[in-house]
Structure formats: C-alpha cells, structure tokens
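Visitor: Here is what each chain is made of, one letter per residue.
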Amino acid sequence: MLRRIARRELVDIVRDGRFRLMAGLVLGLALMSLAAGWRHYVDVERQHEQARRATRAQWLGQPKKNPHSAAHYGVYAFKPKSRLSLVDTGVDPYVGVAAWLEAHKQNEFRYRPVQDRTALQQFGELTAAQTLLVLIPLFVVLAGFSTYSGEREQGTLRAVLSHGVPPRTLALGKALGVTAALALVVVPALLLVLGAISLTSEFGAVAHDLARGTILAGCFLVYFAIFLALTLGVSARASSSRSALVLLLAFWFVNSLVAARAASDLASALAPAPSSIEFQRAMEAELNDQQETARRLAARKAALLQQHGVSSVDALPVNFRGISLQEGEELGNEVFDRHYGRLFGQYARQDLAARFGGMVAPLLSMRALSMGLAGTDLAHHRDFVTAAEGYRREIQRLLNADIAVNSKAGEVYEAGADLWSKVPEFVYTPPDALTVAGAHLLDLGLLGLWLTAAVAFLARGTAALGAD
Amino acid sequence: MLGGDRTLWVVAALLLTASAYGLVNGLRWRAFQDRAIADARAEELERYAGAEQAIRDARGQKLPAFADPGNPDTAGRRRAPRYAVLPPGALAPLAVGQSGLLPGYFRVSTESRETILAATETENPTRLLTGRFDLAFVIVYLLPLLILAVSYSLLSAEQEQGTLALALSQPVTLRQLLGAKVAVRAFVLAAYLTLLATTILFVIGPSALGADGLLRTALWVGLAAAYGLFWFAVALAVAALGQSSAASATMVAGVWLVLTVLLPSALNLGVTTLYPVPSRVEMVQAVREASDAASEEGARLLGRYYQDHPELAADSNERAVNEFAVIRLAVDARVEEQVRPVLATYDRQIERQQRTVDWLRFASPAVLVHEALADLSGSGTARHRHFVAQVGRFHDEWQRYFQPRIARQAPLADYRDLPAFQHAEEPLRAVVLRVLQAFAGLGCAAALVLGWCAIRLRRFSTA
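Keeping their order, the protein sequence lines are chains P and R.
Just so you know, we're using the numbering used here here: the first sequence kicks off at 1051 and counts up by one.
Just so you know, we're using the numbering used here here: the second sequence kicks off at 67 and counts up by one.
The following block holds chain P by itself, in its conformation from the complex (with noise of 0.2 Å):
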C-alpha cells in the first residue's frame, strides 16, 4: 500500500512540466556553479600556491644581514582556499588574501577580491550551496504543496480515506513520493559535487575533506527533509492548494531573503563593531606608549642583571638588543592579541547573534553549518589569521634569540643561510571536521528542533484528516 501511495506521488509529480522545468534548472544551475566553483578554486589555488613557493624563497634566499633586517623584510602570508569553497565560497571574497608578517607589527590581510568586482556582486554568488540553501526548498514547496489539498479539491482524498487507508501511512507515502521526485534532482547535484571535488587532488589528498563533506551533505538533507515536512503538513492543513501555496512561497521567500539581512542588521545594532580608524587609533596609542615600554624594558633587566649577578648589561653573557628586541615584540603582542582579539570577538559575537536567527529561518542555521564545514566562515578566517600571527611571532623570537646568543654589543653582527633555514615553512591545518561540528551545535540543534516541529506538525496535521 504503502508503495503504491509513493509510486502514485512520484508519477504525479515527474508527469508535471513545472517538475521537470524546475529540475532541470536546479540541476544547471548547480553544473554551472559548481564548473565555476571549481575553475576558480582551481585557479587561485595554483596561483597561491606558487606565491607561496615564491615568498619562501625570497626568504631562503636573502643575502648575508643583521637577523632585524630580515625580520623587517618578513615573509607574506597568503590564505589557502579550502577544497570545499568550491560549493560554498563564504565570506573568502570578503576576507583579504594576503598579510605581510613584519617584525614589531600585526598587518592585516589585505586585498579583498570583491574590491576587483563590480556592483553585481551584491546579488550574491551563485554557488552549489546557494542552489542547494535557496532552491532545492523552493523545488520542495513546488513538487509538495498540493499533495493533500489538490486531491481534496478533486474530492480524492476522502475517498482514499474512506477506504480504509491510515493516515498514517498516507503521510509516509506521500512523503516518500515527494522525497523520491526530490532525489532525481538532489542526487545527481550531490554526485555533481563529488566529482568536482575529486578534480582537485593536485592539492593534496580528497579524503581529508570526505569527512567534512559527509557532515555537510547529512545538514542539507534534513534541511530538506524539514521543507518537506513543512510543505506536507501545509498542504494537509490548508482550505485550498491556493493559500497552501502562498503561504508556504512567504515562508520560503522570508527564509531564503529577508531573515538573513534582518537578522544582520539587528545583530550590528546589538553588538556594534568599531570602524577601522576607530579601531586603529585604539590600538596604536597602546602601542605608542613609551612608559609603558620604558618600565617593562627596566624590569626585564632588572632581571635579567640579578638572575646573572651581574651591574651592567654589558657583562651580561647575551646580547640585550636581542633580548629588548623581543621585549618589545611581547608587549606589541599582548596589545594586538586585545585589540585583535576584540575586534573578532565582535564579529563572533554578531554571527552568534544572527544564528539564532535561525529560530526563525532554518537557512540561517544551514548557512552557518555549510560555510562552517566548507572551512569558509568567519571562524575559519580567524583561525588562519592566528596562525599566520603566530608563524610571525615564531620567526621573531628565533631571530631576536639570534641575536641575543650570537652577536655582541657595539659590533656589526650579519647573519646567512643557515638562520634563514632555521625558520620552517608556514604550514596552515584547518581545524578537523569535528572541531567545525562542534563549534555549530547551536545550528545543529536549531536544525534539529526544526526537523522535530516540522514532522510532529505534519504528523497532527494528516491525524486530524482521519479524523474528519
């Protein structure tokens, strides 16, 4: 019985040309983003890549000087795109792509890539994950929302009632006829998704992002499944296929439009972040501050003149420049580590804002979930940034120690090769699949609160069709 509901539904859908208009939109559209995704990706990747060769090797290759000034020529840091931003590309274009790590300064990353676009690009882009956040629901309400009321309308449904069919197993088959026609569509997407990303091991090994990947496609799917549920129990409560479909088109057009700017707008009010002259004028008083840096420069040598039991800094067995160099660096550090720190702590606190957004429209907690485990999100930018930071402060305590162990005070002291080689290559790991899961329980749970009202919704709503 339970088949044959399903088969019906499945049959009554693919026969309809909107279902078949709208699949095949779906499933270009998703081709097309995803080809783009994936030349993009593939693109910036590879021209990443070779400045990041190039920068080492600048590095590598500087001439014989004092380790300062080759902590003053530094090294640039460029973002590594992550496999995944070929189905979601996230904030990336908003985010620079390149800081320079110098001594004595945090820089930030510059060069956003929407600064090299035009006004187009507040429509959005048109990513896999775009097809599948804002159409496949739109596919779903289409292909469901007269399952119940147009075969009320045509007076079917009391008959298949009257015959003894439970409610019950109505709902489910009617569900698995609506998932079915939703499967010719969302599986071949998926496989889309596969196979590009299988076109990118020229970047290392595909299976570090299978985990991620996997997680991702589970959100979207009860993503879905929460639409359709929606869609089903709309459908079985609604007095005409009419207002079942206007009702669920404003639910569709709030989720996929309205609350993610909404919600946006709200949060900025609610935890307003500083400009960036606001932001930097803050932050360089703290680091222009020459008492501040005259005292503790006094302590450490203090400190460092008893813990040698010694009157003068030049009987001291180290070089104090390096020492003070470094000195300097640990106070600028803790300054930018407050100032960065609030800043971002900002942002973190306007997304976490605008994700209980997601209360009201699942796609605010599907998006957070898919830029999150596509390694595209705020979070992510934050952690590379902090890595890049502490690769800098890496490279200046090994030269400032250089300089404190191999140099002598008053003498032109010149390092080589072999410094410059002690400093490893800058290896960024992203954080792990459950790390990203973790950090998005918040969405997880909203999601699942969704999945939970929408099929206990659905569920009242088809008893109520026995009962009548």
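Some hints could be false.
[To be verified] Here are some, though not all, of the chain P residues that point toward chain R, as calculated from beta-carbon distances under 10 Å:
no.: 1; residue: M1072
no.: 2; residue: A1073
no.: 3; residue: A1086
no.: 4; residue: L1192
no.: 5; residue: S1196
no.: 6; residue: V1308
no.: 7; residue: N1383
no.: 8; residue: V1385
Bear in mind the hints are in silico, worked out from the structure with no lab data behind them.
Cβ coordinates follow ideal geometry from the N, Cα and C atoms, glycine included.
With chain P's structure known, arrange chain R on it following the hints.
Guide: Structure of chain R alone, referenced to chain P:
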C-alpha cells in the same frame, strides 16, 4: 472592490514595516560613515598639531630623520598623510550600495598608489556577505513580491469563483476590468511612494537635500514607481495566460526568482568567469620581486634617476647619494615602472567586467533599478570610480610636492601649504543620464510585456 481584501492590508503593513526597518538601518549606516570621517579628520588635525609643535620645539636643532616631522620623507610618509574623503551623498541612508564594500576615505602619503588604494573599512565579513536590509533592498526585492502577492490572481480568482463571466456580462470589457483592478492596486503603490517621498523629505530635511537632492529624491521615487509598474505588467501577463490561481502563483514566483535572484547572480558568475581577475597575491609578489631587485641596485639607480630628473640634482647631490630616503625615491620610481604592466592587467579585467555589466544590466530590471538607486544615493560604482580617479590625481600632486623636497633635503617649516584633497562631485547631468537609461530600459521591458499581454488577451476565454 478591495476594501474587504485582507491580503492587501497585510501586504501594506509588511511593506511599511520593512521600509521603516530599512530606513533605520540606512540612517545608522550613514551615522557610522559620518563618525568614521569625523574620526579621520580629528586624527589628522591631532597629528598635524603634534608634528608642528615638535618642529617648533626643535627650534632648528637637528633631530634624527625618523623622528623629525620637518624631514620631508618622514612627513610625506608618516607624519603628514592626508585623508582623501568621499562625503556620503545626501540620499546615502536610502541605499548602502557599494559604500559598504568600497572605502569612503583613503590615507594619502608618499607610499605607492596600490598600497594606498588597498585600504578597506574594517567590517565583519559575514555582514558584507549577507548584504544590508536597506530601502533599496525593500524596493528591489520586496516590493515586486508584494505587488505580485496582491495581483497574481487578477482574473483567476474570479474565474474560480465563477464571478468573472458575471462581471463581463456587464457593459465592461476584459481590458477595462483588468485596467480597473490594476489601477486600484497601483493607487496603493502610489500612496506608499508618496508616503515614502514625504518621509525622506522629513527625515533628511529639505535644506540638507538642496535642489540637487530634491531632484535625486524625485528620480529615486520615480524609479521605484516605474519598477512597480513593470511588475504590474508581469502580473497582467500572467493573468492573460488564464491559468488557475495556484499555477499563476507558481509562475509569478518563478519570474520573480529568475529576474531578481537567479539572473543577477548568474550574470555575476558569468562576468567573473569570462574576465577573471587574478588573485592579488600575484601583484604582491610582483611588487616584492621588483623592489628586491631595485633595492639591490639602489645607488646605481639613483644615478639614473638624476639623469631623468636633472632639476632635482641640485647642489646637495653628493650628500644626497648617501641618504636612504633619496635612494628610496629612485627605487620606488623603478618599482612603479616595473609593476605598472602587472597592475594594468587587473585594471583591464575589471574594466572589461564593468563594460559587460553596463550592457547586461538591461537583462534584469532588478539589476537596472538596484544600480540606479545606488547611483542616485551617491553609493554607486561610478561615483566611487570618479572619487578614486581624483585620489589618484591627488596622490600625484602629493608626490610632486614631496619628491623634490626629499631629493633636495629641504626641511618643512610647517604643514600649512601641504596639498589638500578637495572632492569634486560627479556632474549631476551624468548621474541623471545613467538613471534615464534605467527608466528607458524599464519602460521598454514593461512595453514588451504589456504588448504581449494585449495580444494574448484577445484570445482570452472566460470559460
């Protein structure tokens, strides 16, 4: 005929709420911009006062170059940089447009131009990705959907209730009936737009707007009206197909989706794929390589620099050769020369994208209106490009002021006659011309849809 229609009231309430929220967000953004600009001005004043005080305190005594604000290299690079500011337009609260993505001020110094222009406003990237809920968003996305919500079943509802045949048995034609139905709804739109215009006048104030701003406001609201009428034409065309209400709803939703969401983002994908702009890391590396090579040549380049600029090779020539700052002039000039072709590839690709978009925007009324609304609000691409071009010229002026002084090592006594940036507004005529193109594009699109509609209606059957 509409009074009893609950949908219309719900829709009107939604539209008003969304517009109010959009306007509030726009005003907050405007306040943020004003604050950032005021902060920049204050920072500059404070820095100038400090530097001039330090010059006076030194009283002719020689300070080390890096600490001497009178040293032309130190001044031009670190102590005297000036902000070149793009003031927000009078209608800035109506559309955030590109002003959220592109910086409204640059700190102009003797650094290279690409370094200066790489500056950005600090902002949460998730917020940049999401976009703003401003009035332009309400007009471009929400207004059409609400128009379609009240008019997708112009004929089908009556057809389904069986009242259409009855209505047409009266001495009215189908066209008259449709015209009347649309007229009533368009009246609500007109009321909304009148309210909108009044609110804008009240919130921003006629004096702040000026004659220029009043014209812009009129065009802004006029464009919203034309856009609304285009969507009424779409609703009429769907009605003319004579399908059921549910089928009509699906169809209008589809048309809306394609024109305002899919087509614009597909066009974006198209231009960025057709004319890809290479990642800026290539530029960073090119600059780095060129400056490594030039620094190595250092002193030798200075000789060549003096050959090219004999007027700078004054009496201090010998002394100058040993000066780091003077060598850097020569090095910077060489780097700029070497990097120019690399920068040109970026500009060329962006230019190609922009030219393509200038044509493709006519494919989607949403793109057309979105750009024109931003244009009128002073937050469009053209105004920003106009501004960046001026910043480029100001940077040239800055260099012309400082380079000879660095070369001759002529100290600055104060900062009084340093070049200052004066923003020249894009001529209103240019803006109006672009907006008229948008009107023309919308008009053509509406005329096409209505023409098709008229043909279709002749074959309409009320059965």
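Visitor: It remains to establish, for every hint, whether it holds in the given structure.
Guide: Taking the hints in turn, this is what the structure says about them:
no.: 1; hint: M1072; verdict: holds, 8 Å
no.: 2; hint: A1073; verdict: violated, 13 Å
no.: 3; hint: A1086; verdict: holds, 5 Å
no.: 4; hint: L1192; verdict: holds, 6 Å
no.: 5; hint: S1196; verdict: holds, 7 Å
no.: 6; hint: V1308; verdict: holds, 7 Å
no.: 7; hint: N1383; verdict: violated, 20 Å
no.: 8; hint: V1385; verdict: violated, 16 Å
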